[in-house]
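Based on the hints, put chain X in the right spot on chain A.
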Amino acid sequence: MPRGNERIRPHLPRILLALSLALNALFVLGSVAVVLSMGGLPWLHRELADVFPSLRRHEPPADYAHNMRSMFEQLPAGPDDILLLGDSILDYGEWHEFLANPHAKNRAINGDYTCTILPRLDQITRGRPRHVVLLCGINNIQNGVPYAQTIREYARIVTTIASQSARTDLWLLPVLPVNTQLYRKWIVPGMDYLHTPTREDVAALNGFIRTLAIDRPRIHFVDLPGLLDPTGELRQEYSSDGIHLNGRGLEQVALRLKQELPPHD
Amino acid sequence: MKTRLFRKMMILSVALNTLAAIGLVALIEKKGGWSWLDRQVPRVLGAMRGGSVSSGFPNTSLSVYGRLPVAPGDIVMLGDDLLEYGAWHELLGDPRAKNRAIVGDDTHAMIERLGQVVAGGPRHVVVCCGSNNLRRRVPRAQTVREYVRIVTTLASRSPDTDIWLLPVLPVNRRLYREWIAPDWPYLNIPSHREVEALNAEIRALAADRPRVHFLDLREVVDSAGELRQDCTLDGFHLNGEGFQRVAMRLRDNLLGNPGAPRK
Chain A
1 MPRGNERIRP
11 HLPRILLALS
21 LALNALFVLG
31 SVAVVLSMGG
41 LPWLHRELAD
51 VFPSLRRHEP
61 PADYAHNMRS
71 MFEQLPAGPD
81 DILLLGDSIL
91 DYGEWHEFLA
101 NPHAKNRAIN
111 GDYTCTILPR
121 LDQITRGRPR
131 HVVLLCGINN
141 IQNGVPYAQT
151 IREYARIVTT
161 IASQSARTDL
171 WLLPVLPVNT
181 QLYRKWIVPG
191 MDYLHTPTRE
201 DVAALNGFIR
211 TLAIDRPRIH
221 FVDLPGLLDP
231 TGELRQEYSS
241 DGIHLNGRGL
251 EQVALRLKQE
261 LPPHD
Chain X
1 MKTRLFRKMM
11 ILSVALNTLA
21 AIGLVALIEK
31 KGGWSWLDRQ
41 VPRVLGAMRG
51 GSVSSGFPNT
61 SLSVYGRLPV
71 APGDIVMLGD
81 DLLEYGAWHE
91 LLGDPRAKNR
101 AIVGDDTHAM
111 IERLGQVVAG
121 GPRHVVVCCG
131 SNNLRRRVPR
141 AQTVREYVRI
151 VTTLASRSPD
161 TDIWLLPVLP
171 VNRRLYREWI
181 APDWPYLNIP
191 SHREVEALNA
201 EIRALAADRP
211 RVHFLDLREV
221 VDSAGELRQD
231 CTLDGFHLNG
241 EGFQRVAMRL
251 RDNLLGNPGA
261 PRK
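First to last, the protein sequences are chains A and X.
Under the working numbering, the first residue of the first sequence is numbered 1, with each subsequent residue one higher.
Under the working numbering, the first residue of the second sequence is numbered 1, with each subsequent residue one higher.
So here's chain A without its partners, still in its complex pose (with noise of 0.2 Å):
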């Protein structure tokens, strides 16, 4: 209305002041705001960190795998002992159970490459274990690792194992091949900068892991045939996520182990 726009219009310029410093207020209050419950200082610290690398400060590592290993580390190791060593796929197991064993002991790490198992390795054989369990390379393959530098690193987990523990027989698992379906839905939303395994890959490293316990009296290799589907997919009867075996999944690995590994006494 003419008269109405006839009294606003002298203060426009005011009201528009008015608005860009509450704008300004807002910004700032915000940003006080996020910062306060994000976790203060040590977070804006950790946040400009990332950013600007000059910042950031050396710590000892206290991630999980760093959990775990002081865990580790404290436990009794003997010479009846079964280990299970890998990663997520395997640290899922409640291996005492599912094997029946109570010498079973589970020291896989979620999330564990071919190159922090290599480090630990003492951790594994100080017992003299009478069985390891070996399940990696998934990892090594979601995240981009050469082909080259994986097998690389796997021959030389089996070669340490052996030359430590000379009495320990190391029984390989392959690599499994994901559940495309189930993993484009359950991964790849969260975590877009993995790559999905394909089936070429996880072959080609089960190719390899094969050849490693050929003619070694104490390295052998256990297949795991009833985990695929026809399309030599993971069956999605066996993973919720397409990646991580689930209790059915991992009771068919105990299966298979309990075939394989002589009876315990």
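Heads up, a few of these hints could be off.
[Claimed, not checked] List of simulated lysine to aspartate or glutamate pairs, DMTMM-like, C-alpha gap at most 25 Å:
no., chain 1, residue 1, chain 2, residue 2
1, X, Lys31, A, Asp192
2, X, Lys30, X, Asp208
3, A, Lys185, A, Asp229
4, A, Lys258, A, Glu237
5, X, Lys31, A, Asp63
6, A, Lys258, X, Glu178
7, A, Lys258, A, Asp169
8, A, Lys258, A, Asp80
9, X, Lys31, A, Asp50
10, A, Lys185, X, Asp183
11, X, Lys30, A, Asp215
12, A, Lys258, A, Asp192
13, A, Lys185, X, Asp38
14, X, Lys31, A, Glu47
15, A, Lys258, A, Asp229
16, X, Lys30, A, Asp192
17, A, Lys185, A, Asp91
18, A, Lys185, A, Asp122
19, A, Lys185, A, Asp169
20, X, Lys30, A, Glu47
21, X, Lys31, X, Asp183
[Stated by the list, open to error] Chain A stretches covered by chain X per the calculated footprint, using a threshold of three residues with CB under 8 Å from any CB of chain X:
no., segment
22, 19-28
23, 68-80
24, 89-95
25, 240-247
Rather than coming from a laboratory, the hints here were simulated on the basis of the structure.
Cβ atoms here follow ideal geometry from the backbone N, Cα and C, with glycine treated the same way.
Below, chain X alone, put in the same frame as chain A:
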């Protein structure tokens, strides 16, 4: 208002707002743009009620426990983040010890899975829950109500079972802020007071119930009421030393002997 001053203020204010807006967009882009913003939604939601049953994402631990029966004589470790990392049959030196803890569980999620635990009539159930309730800002009255339901359900469905309630452990604030808070920005950091208030309620649950016992864990708490620095790496989870102390306390009470040797 003098026009010159007015104009200066206007220009400054608009300039600051423009800078702030550009900075905000640049920050979001640096973090990962739309896909980063997208990822924050479940994180914010996850900072609310959640846990093994309600969160939607497939829970592998839950499916594993679903395949493993509990038997008479067993020691069931029914807990959340604190207990889940533990290799309990090794720590307690007893193969009947079974891990039934799930990272992220709060009292609500735990109620939903009690059937699995109690069906076998175990000898002992060790309960540790409440930390995620505090982190997700669940009102204390609700937490206590749900905790009571856990205890009464266990007691009524398995009357010969001894139930051991562990306190919610305090965090070590300095380490927690360094290691945990940056990855979980929307969660509450439990304060000393909140933890003590909840623990007082938990302790009270054991008072009039013959087979329900409260086990305090003072060996891992320092004089300031925080999680001991030598018992944790990240201010929240127990490290090797922390687990050894808790295990010793459990062995003394449940197994009646200091039991399994340390390395």
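Going down the list of hints, with the structure as the test:
| no. | hint | result |
| --- | --- | --- |
| 1 | Lys31/X - Asp192/A | holds (13 Å) |
| 2 | Lys30/X - Asp208/X | violated (57 Å) |
| 3 | Lys185/A - Asp229/A | holds (18 Å) |
| 4 | Lys258/A - Glu237/A | holds (21 Å) |
| 5 | Lys31/X - Asp63/A | holds (22 Å) |
| 6 | Lys258/A - Glu178/X | violated (44 Å) |
| 7 | Lys258/A - Asp169/A | holds (14 Å) |
| 8 | Lys258/A - Asp80/A | holds (15 Å) |
| 9 | Lys31/X - Asp50/A | holds (10 Å) |
| 10 | Lys185/A - Asp183/X | holds (23 Å) |
| 11 | Lys30/X - Asp215/A | violated (52 Å) |
| 12 | Lys258/A - Asp192/A | violated (37 Å) |
| 13 | Lys185/A - Asp38/X | holds (15 Å) |
| 14 | Lys31/X - Glu47/A | holds (10 Å) |
| 15 | Lys258/A - Asp229/A | holds (22 Å) |
| 16 | Lys30/X - Asp192/A | holds (16 Å) |
| 17 | Lys185/A - Asp91/A | holds (22 Å) |
| 18 | Lys185/A - Asp122/A | violated (38 Å) |
| 19 | Lys185/A - Asp169/A | violated (38 Å) |
| 20 | Lys30/X - Glu47/A | holds (11 Å) |
| 21 | Lys31/X - Asp183/X | holds (14 Å) |
| 22 | 19-28 | holds (count 5) |
| 23 | 68-80 | holds (count 9) |
| 24 | 89-95 | holds (count 3) |
| 25 | 240-247 | holds (count 6) |
Checked against the numbered hints given earlier, this structure breaks hints 2, 6, 11, 12, 18, 19; the rest are met.
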